[in-house]
Structure formats: C-alpha cells, structure tokens
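Using the sequences and the hints, build the whole thing.
Protein sequences, first through last, are from chains A and B.
Mind the numbering: the first sequence is residues 45 to 427 in my numbering, read in order.
Mind the numbering: the second sequence is residues 45 to 427 in my numbering, read in order.
Among these hints, one or two may not hold up.
Under the rule of at most 25 angstroms between Cα atoms (straight-line distance), these lysine-lysine pairs were calculated in the BS3-like manner [claimed, not checked]:
{"id": "1", "chain 1": "B", "residue 1": "LYS296", "chain 2": "B", "residue 2": "LYS109"}
{"id": "2", "chain 1": "A", "residue 1": "LYS320", "chain 2": "A", "residue 2": "LYS212"}
{"id": "3", "chain 1": "B", "residue 1": "LYS391", "chain 2": "B", "residue 2": "LYS315"}
{"id": "4", "chain 1": "A", "residue 1": "LYS272", "chain 2": "A", "residue 2": "LYS109"}
{"id": "5", "chain 1": "A", "residue 1": "LYS67", "chain 2": "B", "residue 2": "LYS67"}
{"id": "6", "chain 1": "B", "residue 1": "LYS53", "chain 2": "A", "residue 2": "LYS272"}
{"id": "7", "chain 1": "A", "residue 1": "LYS139", "chain 2": "B", "residue 2": "LYS143"}
{"id": "8", "chain 1": "B", "residue 1": "LYS315", "chain 2": "B", "residue 2": "LYS296"}
{"id": "9", "chain 1": "A", "residue 1": "LYS320", "chain 2": "A", "residue 2": "LYS143"}
{"id": "10", "chain 1": "A", "residue 1": "LYS167", "chain 2": "A", "residue 2": "LYS212"}
{"id": "11", "chain 1": "A", "residue 1": "LYS109", "chain 2": "B", "residue 2": "LYS67"}
{"id": "12", "chain 1": "B", "residue 1": "LYS162", "chain 2": "A", "residue 2": "LYS272"}
{"id": "13", "chain 1": "B", "residue 1": "LYS139", "chain 2": "A", "residue 2": "LYS162"}
{"id": "14", "chain 1": "A", "residue 1": "LYS167", "chain 2": "B", "residue 2": "LYS139"}
{"id": "15", "chain 1": "B", "residue 1": "LYS67", "chain 2": "B", "residue 2": "LYS391"}
{"id": "16", "chain 1": "B", "residue 1": "LYS53", "chain 2": "A", "residue 2": "LYS119"}
{"id": "17", "chain 1": "B", "residue 1": "LYS109", "chain 2": "A", "residue 2": "LYS60"}
{"id": "18", "chain 1": "A", "residue 1": "LYS395", "chain 2": "A", "residue 2": "LYS65"}
It is worth saying that the hints were derived from the structure and are not from the lab.
Owing to the predicted nature of the structure, the values given are computational and were not obtained by experimental measurement.
Here's the letter readout for the chains.
There are 2 protein chains.
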Amino acid sequence: MSIELNEVKRREKGLKIINQKIKDEGVDSLIDLTGLAGGFDITSEDISLLETYAGPAVFDERIQKLGIEHMGGEKILPLNRTTSGIVATIIALVKPGTKIVHYLAKEPAHPSIPRTAKLVGAKYEEYTNIDDVLIDEDTTLVVITGTTMDLEVISEDAFRCVIDMAHKKDIPVFVDDASGARIRRAVYNQPTAIDLGADLSVTSTDKLMEGPRGGLMAGSEELIDEIKLVVNQYGLEAQAPLVAGMVKALEKYSPELIQEAFKEKDQLYDKLLDLKLNPQTTPTGFMFKNNNIKEELIKRGANIDVDGDIVATVYSILLLEQYNIITIPAVGMPGASKTVRIDWSAKDSSKISMDELITAINKTFDNVVEVCNNNCLESVLYE
Amino acid sequence: MSIELNEVKRREKGLKIINQKIKDEGVDSLIDLTGLAGGFDITSEDISLLETYAGPAVFDERIQKLGIEHMGGEKILPLNRTTSGIVATIIALVKPGTKIVHYLAKEPAHPSIPRTAKLVGAKYEEYTNIDDVLIDEDTTLVVITGTTMDLEVISEDAFRCVIDMAHKKDIPVFVDDASGARIRRAVYNQPTAIDLGADLSVTSTDKLMEGPRGGLMAGSEELIDEIKLVVNQYGLEAQAPLVAGMVKALEKYSPELIQEAFKEKDQLYDKLLDLKLNPQTTPTGFMFKNNNIKEELIKRGANIDVDGDIVATVYSILLLEQYNIITIPAVGMPGASKTVRIDWSAKDSSKISMDELITAINKTFDNVVEVCNNNCLESVLYE
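Here it is as structure tokens:
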C-alpha cells in the first residue's frame, strides 16, 4: 500500500489538534519548539496607542534607540522582512549592468539576492572561498552572509578581509545577519556587523529572539535614508503593529537564553546518544531529518513501505497530539521541510524539562512504530 | 520677522501634546479625525494565538472568508500595503519591453505604478479620457484606478468599457481600488471590481475602514497564486499581526458609517457656511488647505507675514491643544500635507457632536488670529 502526502490535509490535521488543545487545555499547554513562533507580546496600552495617528511615531522613536543598541550604526530602518531589506538595498544601490559580489561561508545563498540582482539587471557573483573573492571596478555592492542556513558562523577575520577589499574600492558592504546579529554576538563574542566595519546590516526579528517575523536594518543616516525612500516607494517597510512587537522583543532580548541553549544542547545531545538516538545538532538544539526518522523506525522494527516525509509527518503529529510539542512537519505550510527540529532557545522550552523532552522524543519513535505496524498512518495523518 | 517651518520640531511638539494628553486624560480623550489612524482592535486572545506557530494559519483562514465577502473573487492575498500589491502584480505579470496601460479619472496616478513599470523595463501609458485609451498587442497589463486621490469615483460604464477592451485582447485587468472598494460600493452602489469583470483588485485596509495600514488583493486562485509567489519572494506580504488586525476590521466594517458620514458632511458643510466658512468638501468630510486658512485668518484681522504652511500648522496644533482634535499638519511626518482635513467617517467622530466640532473649527481660527497678532507663532510651533 502506498500513501501520498496530502500537504493541505496534513496541515489541517495539525491545526485541528492545536485548536482543540487551545479549547481544552488553553494556549499555554502548547509547547512550541519550532523556534519560529511569532513573538508579539504587546499590551492593551500599546494597542490603544497603535489606534492613534501618533502611535507609529512613538514606536518608531523607541525602535531607533533599541535597534542601535542591538545592531550599532546611526539609524535603524524597521522592515516587513529581512528579504524586504535585501530587495530595497539592491534597488537603491545597484545600477543595471553593474555587479553584486556575495561572500558566504557555504551555499546556498538566500535566493532573494540573485533574484533581485536579476530584477534590476545587475550581474551577480557568489564566493564561498575567501581566497577566490574578486571585487572589481564593476562592483557596486558587496554582500556578506554572516551565518549559513545551519547557523555556522563566518570568522571575524573573513569579515574584516572582505570589508577591507570592498572599502579599498569605495564599495559599500551589506551584511545579511539574519540570525548572525545574535548567534555571532551571543555565542561567538563577535562584534556587530557595523562595528566590524560594514556599512549596512540587516537582521530578522523572529530568529533567536521573540519578535514578529520582520527585519531591522542598521547603518549610517545617509545610507539608511536612501534605502528608506525605496522601502516606502515599494511597500517594504514594517507597519506600526510590527514595530511595536519588535520594540517589545528587543526590550526583553537576552543573549543568556541563547548562550544557555547553546550549552544545554550538548547535554540534550548526550542524553539522546545514551538512548542510541543520533540526531544532527544545531547551535541551539537538534534535529532529525525525514530519513533519519525512517531509519530509526526501521531499527525499532517498523514495517515501512512509505517515504521519509510520511513518517516524519506522522512523528510530528504524534509528538503534538501526545506531548503538546509543536514541530514543523505537522503544521508547516505545504512544502515546508519534513525535518523535526527542536529549538531549545525557544521561550516555550521553559515549559518542559530536558528529561521530559527526551522521553517524549524517544517514546514518539515507539508510537510511530506501532502506527506503522497497525497500518494506521493514513488515519493519523488525515483523520 | 520671517519664520522657517522646522518639520521635525513641529512634529515633536505635536507628539508631545498627544503624549501629555494620554498621561493626563487618557488615550480616549483624543479625537482622531485624520481618517488615517491605524485600526488595530485585537484582543489578548488574538495575541496569544499570534505567539504560536499556528496563529498565522488561523488568521489566514479567516481573512479568506471575510476578504472574499468584501471584495469578491476566489482567493485573497493580504499585503503589507496596497503599493506592495501593485509592485508584486507588475513584477509577476509584466515582462520587460511590454506595456502597462493605466486608465484613471484624473491625474496624478499613484507613483508606484510608473515606478515599478520602469523597474521591470516596461513601457507605461496613462489615460484620463476613456475615448483615448489605446490597448494594443504590446500591452500585458491594464490598470484601472477606481477613485481619484480626492475620492472621485469613475462610472460603472467606464469600468466596463476598459475591462471589455482589455479582455477582447486577453489582457488581465487590475483595479487599484484603495478607497474605491468601499466608497464605490457604500455610497455609489457600484459592484465590486471583480464583479465588474476585473481579474484582480486591491484595496487599503486603513482607508474608510478601521484596519491597520495594509492591502488586500482579490482575484482568481490562479492569478493570486502567481502573485503570491512574487509577494513572498520579495517580502511584500502582510505579516500575521497585520492580518489579525485586518480580520477584526473586516468583521466590524459597516458601510453605514461611510453612508452616514457621506450624508452628514453636507450638514457639516452647511453649518460651516452659516459661519461664512468655506471649506472644500471630501466624500466623508471637509478640508481647509493652507492658503484657505491664511485667507480666513486675514479676513478675521490677523497680521500675517508668514506662509500658509506655518499658520495651517499652528491651526492644527491649537485644535489639538485646546479641543483634543488630531489633524495631520501638527503630527504628520515631515513633508506631510498642511491641509487640515476632517474625516467624519473616522470612528472617533462618535466622541464629538457636529456642533462641538463646528465650534472648535470656528474658535480655532480666532485663536490663531490672536497668536499671530501677539507674535507667538514660534512658541506655539516649537515650545
């Protein structure tokens, strides 16, 4: 028997479980360890203020102060997303026929950079080896990605080297520091991108901090004003409610949470190894890819004739149903990765002990084996 | 003595007055008649939901139902702004070297349309006379603007005529219905843009309804999916908190408020005429331009050697200081129009009677005369 993964129905099932749990046990019963929940901890006073014409101005003033503390620079530009800031920077600074040079530690690059280069008619060159980087007269923007998708960090030396090359030719340097603005600083003690000499830096307010999905850019007043104009012209700025959420997230941001998760993930990993479980690590947690889950299930005696996506999704649904732990495969948008990823720096990690988490992770493998061997995969997925 | 208008200090003064009033009398004491306040009437339950990974999905489902009721079509796309939707539509549908044809009742066009045409390397032609409209083989998108900046509405016949011309050549029609989706429907009984035959329509959730600044697009599933891809690629979508605010605004939207304001503005206008005041009308209120204010002040015996922007700003500050009424010149961003515009469909109009408003408007002219003749303009503006 072969089963197709219906992404829409699978997600409906995930959301149905969540809605039911909110009704029965309250929203606090859910343990969201995706690391992707939108922080939006605003008060009713904030909401009243947002309903006046003046509200946006008030939050805009606060974000300036908090944003500069977090990122450095002279001026802050709140954005609808980090991508919005990348798009606006390229439209503002890169002329048709000129070139963008991108240095990143590991491929793939964020697709918005080559895509927007193409939109404005610019050339795009990407380097993962610092010795290869070639910045010539055609170049009008140098982009550095501060961390890889897997949160690997580039060295301070590499940063300074690329910045130096660009500045020798008077070319501005823009750092995509989506997670880096925190992981580089909190865990690796690196300076902010601006303090490393970059002209512009952008970060995501929902990555390793409890803000809404959104972006913050920092830089000199002159460059930020130039980009802000484009941001307003194309509808890329953060609206007032988002800015209010960012202000709250910056106010309560603490590098200690990330530092703790960074340390504790080793303990978590050791405890998993004790159970002969072998996940991949992330800077603040661990993850099982779809095929790792399938292998573990087979090791435990499951008869499986479906692919890894199906069993990873079933795993995620059972983890939610039985332990209230939210991971992406059950509730992510259609097409989302089927990796079960646990972010121990997520604020909901305070709701569960390490041992409880390990037990849930381990028992859920057994539960999926049972579902496989009783031919109940489809009913778990869709009913 | 000549006075320069320092836009930054002027706005700081306006915001200081507002902050003081919020402290002393509470936020409800403010009467915001700008018509531009961001509606963001979400509950603490909504906020809890927004803090889960599932929140966005829940609001996204609700906006589909409410958005289709409001705008027609098969599918809804919530946007960071109406402009964001215009930008995405042009990037998605218009190829370099082809042409955008734009029909609008009166210039100026919204600058985002020609600007994005240029960005993608397309030609752009604009027509204000329906008999001139020329849609040829080069055309890949026809845009119709449903209402002018002054909220003048184009006729159903004109709509149908342009849509017909475009469809004869299989070219999609996109309606910029920023205010039109309400003013055309509520006041002029016109169908939605989609029901008139348009393929896509976009509206602003903060214009003539109590939502946050943002946009909503409606259309066929196929076209919306195509544009949604671009929206996500370039960071133009509405984030979850914004979508939650839009859901609330659509839930409480009532055309009656607009219809009442539309009727009552005639009464307001008559009462102003009785006092020999002669404002310009808008569909849901009235406005005094900077020079109309200056003329009225001179008529009342003011000695004025400064320009209209200065006295209009002083007028707006005194209206706020003495009657708690917020208008743009006092608190708008630097460079904002110095027109004192009263939107009687703003929800805060319920906090004040017509006669109280008229008295405030009238007395404030006298108060500005006094300020002018006592040489106190600068201290009112900045101290």
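For each hint, the structure was consulted:
At roughly 14 angstroms between alpha-carbon atoms, LYS296 of chain B and LYS109 of chain B fall within 25 angstroms of each other, so this suggested pair holds. Taking the CA atoms of LYS320 of chain A and LYS212 of chain A, the gap is about 53 angstroms. The hint is violated against a cut of 25 angstroms. Distance check on the hinted pair: LYS391 of chain B and LYS315 of chain B sit about 21 angstroms apart at the alpha-carbon level, within 25 angstroms; holds. Straight-line distance between C-alpha atoms of LYS272 of chain A and LYS109 of chain A comes to about 17 angstroms, which keeps the hinted pair within the 25 angstroms bound.
Distance restraint check for LYS67 of chain A and LYS67 of chain B: the Cα-Cα separation of roughly 38 angstroms exceeds the 25 angstroms cut-off, and the hinted pair is therefore not satisfied. A threshold of 25 angstroms between alpha carbons decides the hint, and for LYS53 of chain B with LYS272 of chain A the separation of about 21 angstroms falls inside it, so the pair holds. The hinted pair formed by LYS139 of chain A and LYS143 of chain B meets the criterion: a straight-line CA distance of about 22 angstroms does not exceed 25 angstroms. Distance hint between LYS315 of chain B and LYS296 of chain B is unfulfilled; the C-alpha atoms sit about 30 angstroms from each other, more than 25 angstroms.
Annotation: proposed proximity of LYS320 of chain A to LYS143 of chain A is violated, straight-line Cα distance about 50 angstroms (limit 25 angstroms). Taking the CA atoms of LYS167 of chain A and LYS212 of chain A, the gap is about 21 angstroms. The hint holds against a cut of 25 angstroms. Restraint check for LYS109 of chain A and LYS67 of chain B: the C-alpha separation of about 22 angstroms stays at or below 25 angstroms, so the hint holds. Using a Cα cut-off of 25 angstroms, the hinted pair LYS162 of chain B and LYS272 of chain A holds, with the two alpha carbons roughly 19 angstroms apart.
The straight-line distance between the Cα atoms of LYS139 of chain B and LYS162 of chain A is roughly 13 angstroms, inside the 25 angstroms bound, and the hint therefore holds. Among the hinted pairs, LYS167 of chain A with LYS139 of chain B is consistent with the structure: their alpha-carbon atoms are about 19 angstroms apart, no more than 25 angstroms. For the hint pairing LYS67 of chain B with LYS391 of chain B, the CA-to-CA distance comes to about 22 angstroms; that is within 25 angstroms, so the pair holds. At roughly 18 angstroms between alpha-carbon atoms, LYS53 of chain B and LYS119 of chain A fall within 25 angstroms of each other, so this suggested pair holds.
Among the hinted pairs, LYS109 of chain B with LYS60 of chain A is consistent with the structure: their alpha-carbon atoms are about 18 angstroms apart, no more than 25 angstroms. Taking the CA atoms of LYS395 of chain A and LYS65 of chain A, the gap is near 16 angstroms; set against the 25 angstroms cutoff, the hint holds.
Checked against the numbered hints above, the structure breaks hints 2, 5, 8, 9 and satisfies the rest.
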